[in-house]
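K.L.:
So the sequences go chain by chain: Y and S.
With the numbering used here applied, the first sequence corresponds to residues 1 to 117, in that order.
With the numbering used here applied, the second sequence corresponds to residues 1001 to 1109, in that order.
Source of the hints: derived by calculation from the structure; they are not laboratory data.
Keep in mind that the hints are not guaranteed to be accurate.
Below, a list of computed lysine-lysine pairs in the DSBU-like style, where the Cα atoms sit at most 35 Å apart [stated by the list, open to error]: (1) S:Lys1069 to Y:Lys71; (2) S:Lys1003 to Y:Lys57; (3) Y:Lys9 to Y:Lys71; (4) S:Lys1069 to Y:Lys83; (5) S:Lys1069 to Y:Lys57.
Pairwise CB distance ranges (calculated) [unchecked claim]: (6) Y:Asp54 to S:Asn1013: 46 to 54 Å; (7) S:Ala1063 to Y:Gln41: 23 to 31 Å; (8) Y:Asp59 to S:Gln1042: 19 to 27 Å; (9) S:His1076 to Y:Asn53: 42 to 50 Å; (10) Y:Pro8 to S:Glu1011: 31 to 39 Å; (11) Y:Pro39 to S:Ala1063: 26 to 34 Å; (12) Y:Ile51 to S:Glu1011: 25 to 33 Å; (13) S:Pro1021 to Y:Lys14: 43 to 51 Å.
From chain S, some residues computed to sit far from chain Y (all C-beta separations above 10 Å) [what the hints assert, rightly or not]: (14) His1049; (15) Met1059; (16) Arg1081; (17) Thr1101.
Beta carbons are placed, not taken as given, at the ideal position from N, Cα and C, and that holds for glycine.
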Amino acid sequence: DGGITQSPKYLFRKEGQNVTLSCEQNLNHDAMYWYRQDPGQGLRLIYYSQIVNDFQKGDIAEGYSVSREKKESFPLTVTSAQKNPTAFYLCASSIFPLTSGVNSEQFFGPGTRLTVL
Amino acid sequence: DAKTTQPNSMESNEEEPVHLPCNHSTISGTDYIHWYRQLPSQGPEYVIHGLTSNVNNRMASLAIAEDRKSSTLILHRATLRDAAVYYCILRVAGNQFYFGTGTSLTVIP
C-alpha cells in the first residue's frame, strides 16, 4: 500500500527549540516537497528536492532546513530562527522532478500540526 | 505566480451536481489547469487537470472555456464526503504549484 507518511501528527515545541518533522514515501518518486499552511490560507512552499542529495529553497525557506540522504525520506527541521512556526506542515511527492517538464500531480501526506508553546 | 480567482464558499445539496468556477484570465498557452481538494486537517488530494480539452475521470469533470480564461470543476452528484476546500491552480510544467485560498464547498444533507 504505497503512500506518504508524516510523523508525528501533532507536535508541541517550546520556544527556542529545534524540531524535526518526518516525511517518508514508498512511491519511488524522485521529487519531494514541504509546504506550510496557516489557518484559512493556501499552501506555501518551504523547500523541495528533485533528486537525492539535492534540494532547493521555496518561497519561505528562512528558519527551516532539510536533507535528502535517501530517496524515500525528506525530513524538515524547524529551527529556533523561524519566528512564527505554529502551522500545519504538509509533505508531498511527485514522480517526476519539477525540471523534467512533465506535468505530473503531487501526492500529499496527512500533515503534521506544529504548535509552539 | 499565475493567478486564479475562485469564490470563497459555495453550498450544494446532496445528490445534486456542483459546478465550481475558476477564473484565470492571465493564463498562458503552456499553463495546465489543476484542481486539488483538501478535507479538514488532511493533505490536498489531486482531482483532475487539463490543458485545452474537457477532461473526465472517476472523481469529476473539468470543463475549460474555449479561450481558456476560465474553467469549471463539475462534481456530478455531490456527497457529504465531497465537502472540502477546492483549489484551482495554474501550472507550467517545471514550475511550482501555487495554492490560493480555494473554494470551501459545503454539502447539505
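K.L.:
Checking each numbered hint in turn, tell me which of them this model violates, lowest number first.
P.N.:
1, 4, 12, 14 and 17
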